[in-house]
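What follows is each chain in one-letter form.
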Amino acid sequence: QQQVKQSPQSLIVQKGGISIINCAYENTAFDYFPWYQQFPGKGPALLIAIRPDVSEKKEGRFTISFNKSAKQFSLHIMDSQPGDSATYFCAAPHSGNTPLVFGKGTRLSVIA
Amino acid sequence: GAGVSQSPRYKVAKRGQDVALRCDPISGHVSLFWYQQALGQGPEFLTYFQNEAQLDKSGLPSDRFFAERPEGSVSTLKIQRTQQEDSAVYLCASSFEGLRGYTFGSGTRLTVV
Numbered sequence: 001q002q003q004v005k006q007s008p009q010s011l012i013v014q015k016g017g018i019s020i021i022n023c024a025y026e027n028t029a030f031d032y033f034p035w036y037q038q039f040p041g042k043g044p045a046l047l048i049a050i051r052p053d054v055s056e057k058k059e060g061r062f063t064i065s066f067n068k069s070a071k072q073f074s075l076h077i078m079d080s081q082p083g084d085s086a087t088y089f090c091a092a093p094h095s096g097n098t099p100l101v102f103g104k105g106t107r108l109s110v111i112a
Numbered sequence: 113g114a115g116v117s118q119s120p121r122y123k124v125a126k127r128g129q130d131v132a133l134r135c136d137p138i139s140g141h142v143s144l145f146w147y148q149q150a151l152g153q154g155p156e157f158l159t160y161f162q163n164e165a166q167l168d169k170s171g172l173p174s175d176r177f178f179a180e181r182p183e184g185s186v187s188t189l190k191i192q193r194t195q196q197e198d199s200a201v202y203l204c205a206s207s208f209e210g211l212r213g214y215t216f217g218s219g220t221r222l223t224v225v
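If you read the protein sequences in the order shown, they are chains A and B.
The first sequence: position 77 = 77 (the numbering used here), numbered continuously.
When you read off a place in the second sequence, starting at 1, and then add 112, the result is the number in the numbering used here.
Treat the hints as calculated values from the structure; they're not laboratory data.
Virtual Cβ for every residue (Gly too), placed ideally from N, Cα, C.
Pairs of lysine-lysine residues, derived as DSSO-like cross-links and limited to a Cα-Cα distance of at most 30 Å, are as follows:
(1) A:68 <-> A:104
(2) A:5 <-> B:169
(3) A:5 <-> A:15
(4) B:190 <-> A:42
(5) A:57 <-> A:68
(6) B:126 <-> A:42
(7) A:71 <-> B:169
(8) A:104 <-> B:190
(9) A:42 <-> B:123
(10) A:104 <-> B:169
(11) B:126 <-> A:104
(12) B:123 <-> A:104
If you want the footprint, here are the derived chain A segments under chain B, 3+ residues with CB under 8 Å:
(13) 41-50
(14) 97-107
In isolation and in its complexed conformation, chain A is listed as follows:
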């Protein structure tokens, strides 16, 4: 059973626009919600992460918004650049203190 559901599957954004990727989770015991960025031929790299005691975290152009009641969290990329073109994965622990389960990924293309 899928623990984290990510949407959309793919996304095309104009340069300078806002990219928004969403993730829904099932287990309310989750306590850590990261987003990973993966370029072709590379492993995923941690981009930004949030814990459920805060509703938003911002690092540069990247923001996580967390909605505990809806069991959703989202990644916002402001002023999207062609270099942001990559696949993005949300993740959450399988249950409580367990290894991360990843979403199926969102392929982002930022076009000039």
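Given the structure of chain A, go ahead and fit chain B onto it with the hints provided.
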């Protein structure tokens, strides 16, 4: 080293052949994870070590898959009698802070022909 190192980067195996994939984690990282990533999919958990202890192997797809980390540093993922469905990228990750803050290697792309 500065990052997680995996070798080989690419491996082509004939169906039925045994393969061994190596992972060198970041020095001092006690947690080590193996994931399998099929083309166009997210990483799927295989197994997890804390030091030399294998704490979770629930994701290993069959008894043909075996992982070890005998001295709590380098780990090897072994696949016996490879099948075409084993073709994937095998990712290793390590972490200093337990189950969070993973650093992934670039993976080993296994192709079974």
